[in-house]
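Novice: Here is what each chain is made of, one letter per residue.
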Amino acid sequence: MNAPEYFELFGLEPKLCLDVRDLEQRFYALSRKLHPDRFLRATPAEREQSNQASALLNDAYRTLRNPVTRAEYVLKRSGLEAAESKQAPPELLERVFELNELLEEVASGGEEARPRLDAAWRRLRDLLGEADVALESLSARYDARDGAAAGEIRALLIRRRYITNLLAQADRVLVS
Amino acid sequence: MSEFLDIDFGGSNAAPVVGIDLGTTNSLVAFMDLTGPKVIPGADGERLVPSVVYRSPSSEIMVGSAARRMLIDDPSRTVYSAKRLMGRGVADVADELKLFPYRIAPHSESVIQLELGERTFTPPEISAFILTQLKENAEAFLGRPVRQAVITVPAYFNDAQRQATKDAGRIAGLEVLRLVNEPTAAALAYGLDKRKDGIVAVYDLGGGTFDISILKLHEGIFEVLATNGDTHLGGDDIDNLLLRIAIEDVGSEWGIDASHDGSLVQTLRRAVIDAKERLSFAPRTTIELQYRERAYRREITREQFESLIRDIVDRTLQPCRNCLKDAAVTPEQIDEVVMVGGSTRIPLVRQSVETLFRARPHTELNPDEVVALGAAVQAGILTGAVEDKLLLDVTPLSLGIETMGGVVSTLIPRNSTIPASAGEVFTTAVDGQRNVLIHVLQGERELAKDCRSLARFDLKDIEPLPAGAARIEVRFLIDANGILSVTARDVRTGKEHSIEVKPSYGLTDEQVEAMIEESYERAEEDVRERMVREALVEADAILAAVEKSRQSEAYGQMTPAEQTAIDQAVNELLMAYHSGNHELIRAHIEKLNQATLRLAELMMDSALGTLKGTRI
Numbered sequence: 001m002n003a004p005e006y007f008e009l010f011g012l013e014p015k016l017c018l019d020v021r022d023l024e025q026r027f028y029a030l031s032r033k034l035h036p037d038r039f040l041r042a043t044p045a046e047r048e049q050s051n052q053a054s055a056l057l058n059d060a061y062r063t064l065r066n067p068v069t070r071a072e073y074v075l076k077r078s079g080l081e082a083a084e085s086k087q088a089p090p091e092l093l094e095r096v097f098e099l100n101e102l103l104e105e106v107a108s109g110g111e112e113a114r115p116r117l118d119a120a121w122r123r124l125r126d127l128l129g130e131a132d133v134a135l136e137s138l139s140a141r142y143d144a145r146d147g148a149a150a151g152e153i154r155a156l157l158i159r160r161r162y163i164t165n166l167l168a169q170a171d172r173v174l175v176s
Numbered sequence: 001m002s003e004f005l006d007i008d009f010g011g012s013n014a015a016p017v018v019g020i021d022l023g024t025t026n027s028l029v030a031f032m033d034l035t036g037p038k039v040i041p042g043a044d045g046e047r048l049v050p051s052v053v054y055r056s057p058s059s060e061i062m063v064g065s066a067a068r069r070m071l072i073d074d075p076s077r078t079v080y081s082a083k084r085l086m087g088r089g090v091a092d093v094a095d096e097l098k099l100f101p102y103r104i105a106p107h108s109e110s111v112i113q114l115e116l117g118e119r120t121f122t123p124p125e126i127s128a129f130i131l132t133q134l135k136e137n138a139e140a141f142l143g144r145p146v147r148q149a150v151i152t153v154p155a156y157f158n159d160a161q162r163q164a165t166k167d168a169g170r171i172a173g174l175e176v177l178r179l180v181n182e183p184t185a186a187a188l189a190y191g192l193d194k195r196k197d198g199i200v201a202v203y204d205l206g207g208g209t210f211d212i213s214i215l216k217l218h219e220g221i222f223e224v225l226a227t228n229g230d231t232h233l234g235g236d237d238i239d240n241l242l243l244r245i246a247i248e249d250v251g252s253e254w255g256i257d258a259s260h261d262g263s264l265v266q267t268l269r270r271a272v273i274d275a276k277e278r279l280s281f282a283p284r285t286t287i288e289l290q291y292r293e294r295a296y297r298r299e300i301t302r303e304q305f306e307s308l309i310r311d312i313v314d315r316t317l318q319p320c321r322n323c324l325k326d327a328a329v330t331p332e333q334i335d336e337v338v339m340v341g342g343s344t345r346i347p348l349v350r351q352s353v354e355t356l357f358r359a360r361p362h363t364e365l366n367p368d369e370v371v372a373l374g375a376a377v378q379a380g381i382l383t384g385a386v387e388d389k390l391l392l393d394v395t396p397l398s399l400g401i402e403t404m405g406g407v408v409s410t411l412i413p414r415n416s417t418i419p420a421s422a423g424e425v426f427t428t429a430v431d432g433q434r435n436v437l438i439h440v441l442q443g444e445r446e447l448a449k450d451c452r453s454l455a456r457f458d459l460k461d462i463e464p465l466p467a468g469a470a471r472i473e474v475r476f477l478i479d480a481n482g483i484l485s486v487t488a489r490d491v492r493t494g495k496e497h498s499i500e501v502k503p504s505y506g507l508t509d510e511q512v513e514a515m516i517e518e519s520y521e522r523a524e525e526d527v528r529e530r531m532v533r534e535a536l537v538e539a540d541a542i543l544a545a546v547e548k549s550r551q552s553e554a555y556g557q558m559t560p561a562e563q564t565a566i567d568q569a570v571n572e573l574l575m576a577y578h579s580g581n582h583e584l585i586r587a588h589i590e591k592l593n594q595a596t597l598r599l600a601e602l603m604m605d606s607a608l609g610t611l612k613g614t615r616i
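Chains A and B supply the protein sequences, listed in that same order. For what it's worth, this note's numbering labels the leading residue of the first sequence as 1, then goes sequentially. For what it's worth, this note's numbering labels the leading residue of the second sequence as 1, then goes sequentially.
Treat the hints as calculated values from the structure; they're not laboratory data. As the structure is a computational prediction, the values presented were derived from the model and not from experiment. Hints may be right or wrong, so weigh each one.
Capping the alpha-carbon separation at 25 Å, the derived lysine to any residue pairs in SDA-like fashion look like this [unchecked claim]:
1) B/K449 to A/A107
2) B/K216 to A/V68
3) B/K325 to A/Y28
4) B/K196 to A/V68
5) B/K389 to B/L217
6) B/K325 to B/D335
7) B/K325 to B/R294
8) A/K76 to B/A469
9) B/K196 to A/A29
10) B/K389 to A/A53
11) B/K216 to A/F7
12) B/K495 to B/R471
13) A/K76 to A/F7
Just need the whole structure built from these sequences, with the hints factored in.
Specialist: Below, the structure written as structure tokens:
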């Protein structure tokens, strides 16, 4: 089974840079047509069809409105899945060690390490921000058919995923 | 049921679809008329039906205010706040069960069984009694049968709690066209003819549950951006807190253990609730209790009250912050805050919300009614009566499956717009493996044991193949009600694969069917009983008339054969009198009628004769 292409669903070119407001307008217009609310008095088969079509539309919108999931989707379609890696990207290793140490310290009651943990957390947030900026320019290069962009985006996404996992880990300690 | 009545002929002949707010404390039914949504009052004129059900020793069911009065007189047969038990197991609610006056039957792990006299009832059955009452109120008011409804649920209800609500509707003989989240329904009621665009937060603190939803409004589209909450946090918790303190206080003052006297506990509960409600308007009040010639009085100031409940109110704030984060909006971006639920009348709640969102909350609509009104609007959307509005709601909890080591792999993240779907291909781990068990969970934690188990799906009869060769694609679909369905397909053959569902909580389809059956029987019984009662009233009337006629002149004019025939017909009717069979009673009434036909004529004539004689 070949799933219908998400961009096609919205009548859009498969591009990484897209106007999110325009996407939203298209999503609303399609929702008005496809939503199960509109098919309540239809046949069971039509209702089921509306359910499926509406779910697909929602899944597509959720994927495309966010630049990261959008890029992941496009790469996956071209066979370049950005699989999750347990291996820390080498340039992040030092920060990973530092963060893990601080997390352990705070988790075992070392409250004086908390300010340093906060600082490490902020640096990670900054890295995430930088990754998002980098994704923007890489996306533009990809849309301009720069052959090297896809590979670079894939590496960036793996790195980004690693950072968000670290942040989530830190969040759990910081909240408690 | 007749399909015929469900057909939409358009215009006002269409079968009405009502909107129902099935609340923890009170329930309401509303409908859409030409001018907008309206709450339907009961026969007593009341718009709120207390969500209380009483079962008398003679198995009679009472719902609403009448049942609420029985909480004091016969607490062990009276159920309130059943909504807090919907879709839950005994372990989930162990704490508060101690305060409930009714008993829980053993074997209540996956569905709680409440003991009311010699029978047990599940929470969906209790809710069905309330729904039936609302249905009857609507039918009496509209003068037409009501078979379809939109029912609201807390946004943070999980799959099992939603399913339980739908089951309750089915047992009550209602087709549940849609489950709508309460805060979203409130937004619909508020959004009507109001703001066209903007971001709205709905803070809904009811009797038993708390929800926060953030919506984006755009030209009639109500898009929920995120929702959060706690399905076990509400006014009940405030009541229980005050009640615990009061029980101890009364106990020490009177030198008794008050907690063992169910009737005293319920009288006290009523007194603390009344005091709580007064404190929303007065700076101080007195908790007053009269019980079996003893009296208890305790003054309480709003300040004291607020310091007692601050923890409970604060528990609503973290879900609000999480919701803002998930919706990716700051408090400054929120254009309006809408307050829903009776507990939002508490000044401390309003202050806390105002501080968090930095905006004065809306309280124009009655917080008890706004959800039911919204449900009626959604009913209007479904029937086509409301054309320009569309609700795009979300699933409150992430859906995932258990993988190696008890870790959850998320398939549909929380706050995904529904309907939402996800697919996953499963395979076998060993050669010749015939089935694969899929454990589906809801929740935000990483480990399966910390999430809510929804069901186990068994992919059976897999063709025996080498490990990893079988490929079965499983599709998970969360529909617009927030309820999950699962289908499976063999990737190699393309054929639909059978799947057996074992829900972790809640009723099986067979159990629901049996309850529907029983409710029909009960309804038929009710009808039969009424027909018998009506037949007996007629029998009484004719028997009395015959006895009276025996003194008349006309009776003396009857032949002995005619008199015997009358005596025989009277005897037969008396024998049928206690048969409980209205047809039999009516047949003998008719027979007696026939036997007394000439007698009646004669009496009529003599009456006319008397009239003639008097010459008026």
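Novice: With reference to the structure, classify each hint as holding or not holding.
Specialist: Taking the hints in turn, this is what the structure says about them:
Simply put, B/K449 and A/A107 have alpha-carbon atoms about 22 Å apart, close enough for the 25 Å limit, and the pair holds. Of the supplied pair hints, the one linking B/K216 and A/V68 holds, its CA atoms being roughly 22 Å apart against a limit of 25 Å. Of the supplied pair hints, the one linking B/K325 and A/Y28 holds, its CA atoms being roughly 23 Å apart against a limit of 25 Å. For the proposed pair B/K196 and A/V68, the alpha carbon gap of about 31 Å is over 25 Å, so the pair is violated.
Of the pairs offered as hints, the one joining B/K389 and B/L217 holds, with about 10 Å between alpha carbons and a cut-off of 25 Å not exceeded. For the proposed pair B/K325 and B/D335, the alpha carbon gap of about 16 Å is at most 25 Å, so the pair holds. A distance of roughly 53 Å separates the Cα atoms of B/K325 and B/R294; the hinted pair therefore is violated under the 25 Å criterion. With a CA separation close to 23 Å, the supplied pair A/K76 and B/A469 stays within the 25 Å bound.
Between the alpha carbons of B/K196 and A/A29 the distance comes to roughly 16 Å, so the proposed pair stays at or under 25 Å and holds. Proposed proximity of B/K389 and A/A53 is supported: the alpha carbons are some 20 Å apart, at most 25 Å. Our distance criterion of 25 Å between C-alpha atoms is met by B/K216 and A/F7, whose separation comes to about 23 Å. Of the pairs offered as hints, the one joining B/K495 and B/R471 holds, with about 11 Å between alpha carbons and a cut-off of 25 Å not exceeded.
For the hint pairing A/K76 with A/F7, the CA-to-CA distance comes to about 14 Å; that is within 25 Å, so the pair holds.
Taken one by one, the earlier hints fail for this structure at numbers 4, 7, listed in ascending order.
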